[in-house]
Amino acid sequence: MVDVNLESTDSQVGSEIKTLAESMLRELEQGELSKAVALVNDLNELRDRTLFNEIGKLTRALHESIKNINLDSVGAASEIEHTTDKLQYVLEMTDKSANRTMDLVDEGMPVASGMADKATALSARWKKFMSKELTPSEFRQLTRDVDEYLNSSASDARMIKGQLSEIVLAQDFQDLTGQVIHKVTDLIRDVEQRLVTLVAMAGHVDRMTGIEHETESVKEERENEPDIKAEGPQINTANADVVGSQDDVDDLLSSLGF
Amino acid sequence: MVCKSRLLEVGLDKNMKILIVDDFSTMRRIVKNLLRDLGFTNTQEADDGTTALPMLQNGDFDFLVTDWNMPGMTGLDLLKNVRADDRLKSLPVLMVTAEAKRDQIVAAAQAGVNGYVVKPFTAAVLKEKIDKIFERVEG
Chain G
1 MVDVNLESTD
11 SQVGSEIKTL
21 AESMLRELEQ
31 GELSKAVALV
41 NDLNELRDRT
51 LFNEIGKLTR
61 ALHESIKNIN
71 LDSVGAASEI
81 EHTTDKLQYV
91 LEMTDKSANR
101 TMDLVDEGMP
111 VASGMADKAT
121 ALSARWKKFM
131 SKELTPSEFR
141 QLTRDVDEYL
151 NSSASDARMI
161 KGQLSEIVLA
171 QDFQDLTGQV
181 IHKVTDLIRD
191 VEQRLVTLVA
201 MAGHVDRMTG
211 IEHETESVKE
221 ERENEPDIKA
231 EGPQINTANA
241 DVVGSQDDVD
251 DLLSSLGF
Chain P
259 MVCKSRLLEV
269 GLDKNMKILI
279 VDDFSTMRRI
289 VKNLLRDLGF
299 TNTQEADDGT
309 TALPMLQNGD
319 FDFLVTDWNM
329 PGMTGLDLLK
339 NVRADDRLKS
349 LPVLMVTAEA
359 KRDQIVAAAQ
369 AGVNGYVVKP
379 FTAAVLKEKI
389 DKIFERVEG
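Residue numbers (the numbering used here), protein chains in the order written: chain G, 1 to 258; chain P, 259 to 397.
Warning: the hint list may mix true and false statements.
Okay, derived cross-link-like pairs now, DSS-like style, lysine-lysine, Cα gap no bigger than 30 angstroms in a straight line [what the hints assert, rightly or not]:
#: 1; chain 1: G; residue 1: K86; chain 2: P; residue 2: K390
#: 2; chain 1: G; residue 1: K183; chain 2: G; residue 2: K96
#: 3; chain 1: G; residue 1: K161; chain 2: P; residue 2: K390
#: 4; chain 1: P; residue 1: K359; chain 2: P; residue 2: K390
To be clear, the hints were calculated from the coordinates, so they are not data collected in a lab.
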């Protein structure tokens, strides 16, 4: 981390200005106008020197931060580029897993409905048998069909069981993508910290040199622009502008006359 | 209640042509599967508003299910384009989206959406909204 002692620079420059101002006042009181004007020049020089010093420090800090973030100045593979690759990996893993799960469900669903349909049909015939409504030949056919059903339902159930455990296995992405996301989060936190230091230094240069950026009114104007944009999922649903559930959506829409 | 939903199921044309618009293929697949479970099998897919709009203009669709947040043309812009098109303006539109801010829902309502489902959602919610949309459209 770049370590710059801002406070000591501040007080040093401050005392230099104070000394110059005091001697200027003294010269003026003694009627030495040309000496006082010369001191104004000294003040200007001090300001310029301070500015150069701050820019120098800022440049060093920037350089240091860039080095720390591992951004290669010639554009070779950087940490940030690796991060993009990592997130791409997360995207691919989750996509693959979702599709694998849905493939298995698509395979299993007709097997399950087939079992249900066959059982319903057999059950109707079984009831007829229990109330003695079946002819002997119908009964013989029923026993053969029940036998076949028992065999097929055992193998169907085994198949569904296998698909269910494969669905569980397809959730392994959570562990792998979780590890990647942890790494990316760490990197972002690190970069953020370094950027905060840089912003603090830039702010210091602004203060020393009296540079002003955006006035409040411009800032407010920009913030007040009515703009409805897609934002993606809301992580913090406790926020008052965010609906917490489908019921809230329905309430809001019905309050609008839907 | 049972009678009413029964009538509705008879009234709802299971062959109606539905366009599903979402940039994520898995979400399109989920919506498609849920619609299939509800008996609607005549579905087509598009991955954003830019591809969806010409399909709608040339394809006599009966119903549009769209996400909001998509590259190219968003779902909200697609909705506005649909409402501005003379031949499409009365097409029922259901928005299925992760966008959950009050301002956004109000904006979608003002743009003329017929139903709004926030992700993650359940099959029951999707069915309820579709039933409600067509109850109102046909009623």
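Against the structure, the hints:
| no. | hint | in the structure |
| --- | --- | --- |
| 1 | K86(G) x K390(P) | violated, 43 angstroms |
| 2 | K183(G) x K96(G) | holds, 21 angstroms |
| 3 | K161(G) x K390(P) | violated, 37 angstroms |
| 4 | K359(P) x K390(P) | holds, 22 angstroms |
The structure fails to meet hints 1 and 3 from the earlier list, while all remaining hints are met.
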